[in-house]
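Asks: Each protein sequence line maps, in turn, to chains A, B and C.
Per my numbering, residue 1 is the first one in the first sequence, and the count goes up by one each step.
Per my numbering, residue 140 is the first one in the second sequence, and the count goes up by one each step.
Per my numbering, residue 279 is the first one in the third sequence, and the count goes up by one each step.
Simulated from the structure, these hints should not be mistaken for laboratory data.
Don't be surprised by glycine CBs; every beta carbon is placed ideally from N, CA and C.
Every clue listed holds true.
If the Cβ cut is set under 8 angstroms, some of the chain A residues that face chain B in the computed set are:
1. Met1
2. Asn36
3. Thr51
4. Thr52
5. Glu54
6. Glu56
7. Gly58
8. Leu59
9. Ile70
10. Leu101
11. Val103
12. Pro104
13. Val106
14. Trp115
15. Gln116
16. Gly138
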Amino acid sequence: MAVITKTLVFQTKGEEDIIDITDDVIKAVNGTMLDNGIVTIFVPGSTGALTTIEYEPGLLIDFPNSLDRISPRSLHYEHDKRWHDGNGHSHVKASLIGPSLTVPFVDRTLSLGTWQQIVFLELDVRSRRRKILLQIIGE
Amino acid sequence: MAVITKTLVFQTKGEEDIIDITDDVIKAVNGTMLDNGIVTIFVPGSTGALTTIEYEPGLLIDFPNSLDRISPRSLHYEHDKRWHDGNGHSHVKASLIGPSLTVPFVDRTLSLGTWQQIVFLELDVRSRRRKILLQIIGE
Amino acid sequence: MAVITKTLVFQTKGEEDIIDITDDVIKAVNGTMLDNGIVTIFVPGSTGALTTIEYEPGLLIDFPNSLDRISPRSLHYEHDKRWHDGNGHSHVKASLIGPSLTVPFVDRTLSLGTWQQIVFLELDVRSRRRKILLQIIGE
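So here's chain A without its partners, still in its complex pose (with noise of 0.2 angstroms):
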């Protein structure tokens, strides 16, 4: 058993950005030479969250559609009238989804299904340069 941390970084185009970091995370894993166990994948930061999705152009509009509609921008955020940054929605839906997803893998493979990505969302309001954490735990 063993613990291995890698990083990924990039940049990101601003609000309702949804990269697919899917072909990272298994490179990540097979460079471990680990078989089996789990990778946790985590954004330090709170207006990014970790999901998978089936990652196509209809869907990539639908879910921040829906995102909008749980936390529109428009509305009254006490968060804003503190701080003015604007991103009070962006901070409502990262924590509605979470920063942070765990996948399996087994004989050196994600246990993904085939129609299934694993996405960062970029929910702040701004463009931002993004390190992501991959914890892998395996033997």
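Fit chains B and C to the supplied structure of chain A, relying on the hints for placement.
Replies: Only chains B and C this time, still in chain A's reference frame:
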């Protein structure tokens, strides 16, 4: 320390079927002979999700109702326009709740509350054969 | 590699109390003398949840407000009709956010962002004594 993989296979009845998999997870963990660790429960697929709930008839109505308010089937989804499978709202709900749940076990007992069950949520619009992965890590 | 279990116990003030447990998690992880790994934070119970947030007074109002829009107390819940405990909306919110959060640690430091805190959300309608489990796995 060891990593042990188990799978659960079952047929769902279709949209908003909520399946209590608690006993199956308990049996799987006990079968490993590991005393302490975590089990990561994962659905390989983008129209199902995992969470916990008090598994009683009222909430089996209330929880799907709340998900429908977030992402009603009656809205327009770009996914459906492109793929014509009528499950755009299913994908949105699944990405929101997430495909993964990690539960600790201590002294061979899952750390659940008395009124807390582990459930698989079928969010797709039709009956599906589901294979759920349990990645158990412990000692 | 080792698995070490710790618990946090505290009293909540009631509905929409958001408790910052970051320092307690840091102390627990440091107390293990493990350098690298993950901590799974879990609430045994179906009316509380775990996530991260920027812990500042504005968001402590905004986030509960958003959850109330998803699952308002004022709606009819089948759960309440059957059990008369008035917390159907609490259960729905808890299942949506989830009972579990996994955070990596590297060189004995939790991988959190500067403005990101780990929080327990009390979603039940009354003050509760909560026991949170920390399952720490690492080397």
